[in-house]
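Novice: Sequence:
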Amino acid sequence: MLFMTSMNQVKIFNITGSNVIFAKNVFLRDRSFRVKVNDDFSDVKQINFSVPQGSINGPIYFICYTSTLASCIRHNPNLVGYADDHSLYDSFKAGDLDAELSIASQLSESLDDVKIWMLHNRLKMDDDKTEVITFGANRQLQKSTIHKLRVGDSIVKSSSRIKFLGMHMDENLNFKHHIAQKTRSAALAMFNLRKLRPFLSRELSLQIASSLVFSHMDYGNSLLCNLPASTVKPLQRIQNFTAKLILGVSYDHSSTAALNELHILPIEARCQFKLLVLVYKCINNIAPSYLTELLQFQTSSYNTRSSSQNMLLIPKTKYKTFADRSFSVMGPRLWNTLPESVKQCKTVTDFKKKLKTYFFRKTFI
1 MLFMTSMNQV KIFNITGSNV IFAKNVFLRD RSFRVKVNDD FSDVKQINFS VPQGSINGPI
61 YFICYTSTLA SCIRHNPNLV GYADDHSLYD SFKAGDLDAE LSIASQLSES LDDVKIWMLH
121 NRLKMDDDKT EVITFGANRQ LQKSTIHKLR VGDSIVKSSS RIKFLGMHMD ENLNFKHHIA
181 QKTRSAALAM FNLRKLRPFL SRELSLQIAS SLVFSHMDYG NSLLCNLPAS TVKPLQRIQN
241 FTAKLILGVS YDHSSTAALN ELHILPIEAR CQFKLLVLVY KCINNIAPSY LTELLQFQTS
301 SYNTRSSSQN MLLIPKTKYK TFADRSFSVM GPRLWNTLPE SVKQCKTVTD FKKKLKTYFF
361 RKTFI
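Note that the working numbering has the sequence shown beginning at 1, numbered continuously upward.
These are calculated hints, taken from the structure and not from any lab test. Glycine included, each C-beta is placed from N, C-alpha and C at the ideal position. Treat the hints loosely; a few may be bogus.
Unchecked claim - Using C-beta positions, here's what the derived DEER-type ranges look like:
1) R361 / N174: 29 to 39 angstroms
2) L79 / V277: 20 to 30 angstroms
3) H177 / V277: 50 to 60 angstroms
4) V35 / Q344: 51 to 61 angstroms
5) D126 / S160: 28 to 38 angstroms
To be verified - With a straight-line cut-off of 25 angstroms between C-alpha atoms, the simulated DMTMM-like cross-links for lysine to aspartate or glutamate are:
6) K157 / D252
7) K274 / E261
8) K362 / D350
9) K129 / D113
10) K148 / D43
11) K115 / D96
12) K362 / D218
13) K346 / D324
14) K176 / D90
15) K281 / D350
16) K233 / E261
17) K362 / E268
18) K356 / D324
19) K157 / D98
20) K163 / D153
21) K129 / D153
22) K143 / E109
23) K346 / E261
24) K143 / D98
25) K353 / E340
26) K318 / E293
27) K115 / D126
28) K163 / D113
29) K163 / E203
30) K233 / D324
31) K157 / D170
32) K274 / D252
33) K281 / E261
34) K353 / D153
35) K143 / D126
36) K163 / D98
37) K163 / E268
38) K352 / E268
39) K148 / E203
40) K143 / D324
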């Protein structure tokens, strides 16, 4: 049974003894269900698989259940995942045909490894929902020959964009499609708020806007740092309209004044804010290791200004419009511009507070 498999795998995390017994006998056993159709109920059936849906411990057991997935892959590709979404990835130099073919072969073989693991763990891979994409600049993609990949008994054609963890990612990583989707969702929420605005106070309108409108703009926005202003303009326009709607002023009112009055940072500043919070967590070892490893402090044998103010090393890049937006470049570049009083914060909460004040002064004063 599934929960028995999970209980065997929790030993990897040194969970033993009475804790395992509690999980087996109290949390997972003796569960049943029935189905209601109109006013009729089915017979009660015993549940011998899975974990309770919506429970607090459910996600923890799922992590335990999938904890051995990475170890089953015998080839080179890297595995990343969150909850039940996982991806295999690797890199190659554009134009190197041998390396590209080797990686394509390794990806296919790794997917076979995953299918075997899923079979042993009573799961099934949906080949039709598996997607393949190659990221790069246009001149790099023109040299690529990976247009399809074997996944089990199926052949998957390479896509120009995919959706991963709610982010619409295109092959150039310009996020135009993602911004278009989020703009559409935010605009719909704003129009619904507009109908209710005459019956709401300013404070309640702001709370609803933060939950239903601004949340679309903020999702994954650290990836939008340093995009051209024309690309993020649709999001900024919706934010401006929403701010004026909350204040109850005309649409020809100053957008900057409206955002300032509501204490709302514009889109670009919100993106930079999110990225800098992630940099702070990396520096203080409270972020995933695969991100922390991308940052390095500048080192010097002299007592220079950079060595005394926690300056990060900014890697040199070849492609200004593509690589310069990466976390390893954009993160240090923004971090090095912060005042020392902000960098030296002891907690994430204090850092966010001072960072927001810094951006407000920079934007509105």
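Novice: For this structure, which hints from the list above don't hold up?
Specialist: 3, 5, 6, 10, 11, 13, 23, 29, 32, 33, 34, 35, 36, 39
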